[in-house]
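Chains A and B, in that order, give the protein sequences. As numbered in the numbering used here, residues 1 to 426 make up the first sequence, in order. As numbered in the numbering used here, residues 427 to 503 make up the second sequence, in order.
One or more of the hints may lead you astray.
[What the hints assert, rightly or not] Computed spacing ranges between beta-carbons, pair by pair:
1. B:TRP457 / A:GLY289: 17 to 23 angstroms
2. B:TRP457 / A:LEU219: 22 to 28 angstroms
3. A:PHE366 / B:TRP457: 38 to 44 angstroms
Hints were generated in silico from the structure; no laboratory data involved. We treat Cβ as the ideally placed atom computed from N, Cα and C, and that holds for glycine.
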Amino acid sequence: MQLAKPRSIRTGLAAVTAALLGPGVSGATGEGQSETSVLIYSESQRVTAVEAVYDLNRHLKGPYSIGLTLTYDGLTGATPTGGAPSKIPQTITRPSGGTSTLVPAGQVPLDNTFKDNRFAIDAGITRQVGRLATLSFGGHASAERDYSSLGVNGGITRDFFRKNTTLGIAGSWFHDVTSPKGGAPIPFASVPTDTVSTGERREHHPGKPKNINDLVVSLSQVIDRKTIFRVNYSYDRATGYLNDPYKVLSVVQGLTEPDPGEPLFNVYENRPDNRTKRAVFGEVRRSLGRNSVDLSYRYFWDTWGIRSHTIDLYYNFHVGDSSSLEPHLRFYRQSRADFYHPFLVDSVPVPQFASADARLTKLNAFTIGLRYVFSIEAGSRLSLSAEYYSQRGDRSPPETFGTQSGYNLFPGLDAFLLRASIIHDL
Amino acid sequence: MKQLWRGLVAIAFLAMLTILGGCGVVGVKAWQRDILARPEMQFDNHLNNRSIDDHVYFSKEAASGGRGFGGGGCGCN
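If we strip away everything but chain A, and leave its shape as in the complex, we get (with noise of 0.2 angstroms):
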């Protein structure tokens, strides 16, 4: 087996920036390196999607070195409207108007034709500057069938100390474009419950677009020749079209109507158009004999009332000369948004701001998986991961009533990943 040129902590530093920066920086080892993904996802009954990717670090002659990610991901199955159960089977129309899907008596809508395809390519070069800095920029395009995405970005590293501390700073900026089928619909319009014609949904609709900036200052320090720790503070502010075009909430009969609790009709979402995120972000790594642990915390809070924590814990076992076992445990939890609303009731004035949009109520989720990595020939190394991802959320709400009362409301997210990679030294 080749063996690895030994890294310097310079170059382990230095990819601090590339953590923040994303792909296409890494200080990969020797030239440069490359790595083949595939990613199973599949959750129980609802969406399974597969994603590859193509990841490839090199360095250049001089003090530059490239990075390049291909991204493609294909989704399908069923995913949550935001819609309540019924007691009765319920017809739902996707927002484009095209089909329509009947939702069995007491079950959470599920729309089980969301179908989607992502191509996206991420470019990066940096520079080294001088002994002790770095500079980078990276540029980001994806495309979706009804989401496209430009972004640029950058990040200066300037190591202090004798290479022990190093500080890292680092922005991006996109420029995302909505376009369901059928035009982004009017908040708190009425879905329809008819199907519209091939022609009407194929007529141009302008996109909505929104702009998400993004800042991250990063702090690592080389803490004893076993320990290295960083902390890093996000912020990201997004403004423009932020409504999730495929989310309604039903409008349910009110208490002094003859069916409490019981969805009259569906409407769309409604949500900010801005909203500003922070995060703070610890992680320490610490060499234990050959194995080693890894324990992050993030603590996150949003203008949308979200609060989360969350824990990964990983540990990285030294089972021969190229091979590694490595168990994961994650921990997440995040409050409610304040306009959260499981749904609306009728003949009550309509809030501001409304989603019943799952991703944005109070839950909980647990990461459990074991990485498996072994070396298949000299220079190239074989990464097989199995992972469980379980969430549970409020089942129940305090403002449910009336027939919502007897429904599950969060139904559980159990979900599998099963990954691939080849690494190659190059």
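On the provided structure of chain A, position chain B as indicated by the hints.
Just chain B now, kept in the frame of chain A:
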């Protein structure tokens, strides 16, 4: 459940502090970087896998960012 979460966060902090607290003087000399130079001690080791995981979480949860940039680039959330 809330108490369980507080406990988990407290344990995570204590574990971080314990790991950091046993370290004595902060920083190393140039000739003491042998262990830190190992691939498994790099924060970007398996970065591609972490990015793919983060993409999944980005599409299923409200929070994002922290490890890197937090938004944009995908219509999945």
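Hints and how they fare:
no.: 1; hint: B:TRP457 / A:GLY289: 17 to 23 angstroms; result: holds, 20 angstroms
no.: 2; hint: B:TRP457 / A:LEU219: 22 to 28 angstroms; result: holds, 24 angstroms
no.: 3; hint: A:PHE366 / B:TRP457: 38 to 44 angstroms; result: holds, 43 angstroms
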